[in-house]
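Asks: Residue numbers (this note's numbering), protein chains in the order written: chain S, 1 to 127; chain A, 128 to 319.
It is worth saying that the hints were derived from the structure and are not from the lab.
Remember, predicted model here, so these are calculated numbers, not experimental data.
Where hints are given, some of them may not hold.
Said to hold, decoys possible - Calculated pairs, BS3-like style, for lysine-lysine (alpha carbon to alpha carbon, straight line, at most 27 angstroms):
#	chain 1	residue 1	chain 2	residue 2
1	A	Lys-297	S	Lys-46
2	S	Lys-66	A	Lys-140
3	A	Lys-297	A	Lys-267
4	A	Lys-195	A	Lys-137
5	S	Lys-66	A	Lys-195
6	A	Lys-138	S	Lys-66
7	S	Lys-14	A	Lys-263
8	A	Lys-133	A	Lys-195
9	A	Lys-263	S	Lys-46
10	A	Lys-141	S	Lys-66
11	A	Lys-309	S	Lys-7
12	A	Lys-251	A	Lys-263
13	A	Lys-267	S	Lys-14
14	A	Lys-195	A	Lys-138
15	A	Lys-137	S	Lys-66
16	A	Lys-283	S	Lys-7
17	S	Lys-7	A	Lys-267
18	S	Lys-25	A	Lys-297
19	A	Lys-251	S	Lys-46
20	S	Lys-25	A	Lys-283
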Amino acid sequence: MSCSSVKYLSLMNKVLDQEATDQEKQQLFEHLASCDTCRIHFNELKASTELLRRLAHPQLPAVFTKTVLEQLPPEKRHAIRRWGSQHPVLTTMAICVVPMSLVMIGARRQVREKNNYVLIKGLGDQT
Amino acid sequence: MDQTEKRLIKKVKKRDHQAFALLVERYKNSVFAICLRMVGQVQEAEDLSQEAFIRAYNHIDQYDQERKFSTWLFRIATNLSIDFLRRRKNTVSLDASVPGTEELTLNAILPDEGEHPEERILRKETEAFVQHEIDKLPEKYRSAVVLKYIEDLSLKEISEIMEIPVGTVKTRIHRGREMLRKNMTVKGGKQT
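Using the sequences and the hints given, assemble the complete structure.
Replies: The following block contains the structure:
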């Protein structure tokens, strides 16, 4: 560029990086108004980055995720646990069955022991 | 990082495929965009994106939960793309892409939003031209420029992805930007 000032080049970079203060912006734009070389340079910089920004963002096909999953090492989780997280209600019921049945078995045993006691006591009373 | 993502990553650490699928859905197009603009070829970019996710899954234990997941993931994608470019450079004479073919494959997956045929042709040509200019950038400038202008990331994020100081990121973006400007305008005969 014929305008040899490195100062304005670094100002341009600051402005493009959105790191320039208002004062620096003003300083640059005042210079650009009077210097064709710098103005063209700045506009070219802006135009090229604008072209980059406008590049398409193509979408990957929906099958992409499936293809990735198929290539992963197999899950460590057991089939039972996976079933468990898919059926929370049934799992809760299954888990509750254990303590409930223990309680019931315990209760029945108590009743039986009590009966036995009564029976033994009854026998004892007879003798 | 949001809570949903934290929960998902916890599950992925326990090797939960479904949780990982959600992360893939969330980031696949960003990862693809990075790879695509880094290597300039659709099929290669799709393969690299797949590889990036598989690698992320296999090395999830190395991911530091205190940082953004996307930063870590984009680093994997960028590094894989750079490795690919280096490999390609060594074998370039054998499978150099035929000019024009890449354009076709890219256009095949771009949405046709009911635009006029002339507009479509113009857009395709611009697209191919810009990509060709990106392809000419040295890889260290290219990754900085792609992360900045394709993914619109902050300088700080780019510095974390590339594991270099913010000052170096700036220098690379400035040099990359200047190279693009020079190369893009020399064609129009307006070189300063």
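Asks: Are the Cα atoms of Lys-251 (chain A) and Lys-46 (chain S) separated by 27 angstroms or less?
Replies: Distance of about 21 angstroms is within 27 angstroms: holds.
Asks: For the pair supplied as a hint, Lys-141 (chain A) and Lys-66 (chain S), is the alpha-carbon distance within the 27 angstroms limit?
Replies: Given pair Lys-141 (chain A), Lys-66 (chain S) holds - Cα atoms ~19 angstroms apart, limit 27 angstroms.
Asks: Is it true that the CA of Lys-14 (chain S) sits at most 27 angstroms from the CA of Lys-263 (chain A)?
Replies: With Cα atoms ~24 angstroms apart, Lys-14 (chain S) and Lys-263 (chain A) stay inside 27 angstroms; holds.
Asks: Just to be careful, I want the Cα atoms of Lys-137 (chain A) and Lys-66 (chain S) compared with a cutoff of 27 angstroms; is the pair within it?
Replies: holds (21 angstroms)
Asks: Does Lys-138 (chain A) lie within 27 angstroms of Lys-195 (chain A) when you go C-alpha to C-alpha?
Replies: holds (17 angstroms)
Asks: If you draw a straight line from the CA of Lys-195 (chain A) to the CA of Lys-137 (chain A), is it 27 angstroms or shorter?
Replies: holds (14 angstroms)
Asks: Tell me if the straight-line CA distance from Lys-309 (chain A) to Lys-7 (chain S) falls inside 27 angstroms.
Replies: holds (19 angstroms)
Asks: Given the proposed pairing of Lys-66 (chain S) with Lys-195 (chain A), does the C-alpha separation stay at or below 27 angstroms?
Replies: holds (24 angstroms)
Asks: Take a quick look at whether Lys-251 (chain A) and Lys-263 (chain A) sit within 27 angstroms of each other, Cα to Cα.
Replies: holds (19 angstroms)
Asks: Is it true that the CA of Lys-297 (chain A) sits at most 27 angstroms from the CA of Lys-46 (chain S)?
Replies: holds (16 angstroms)
Asks: Just to be careful, I want the Cα atoms of Lys-263 (chain A) and Lys-46 (chain S) compared with a cutoff of 27 angstroms; is the pair within it?
Replies: Between Lys-263 (chain A) and Lys-46 (chain S) the Cα gap is close to 19 angstroms, so the pair holds against 27 angstroms.
Asks: Can you confirm whether the C-alpha distance between Lys-138 (chain A) and Lys-66 (chain S) stays at or below 27 angstroms?
Replies: holds (18 angstroms)
In summary, the structure agrees with every hint in the numbered list given earlier.
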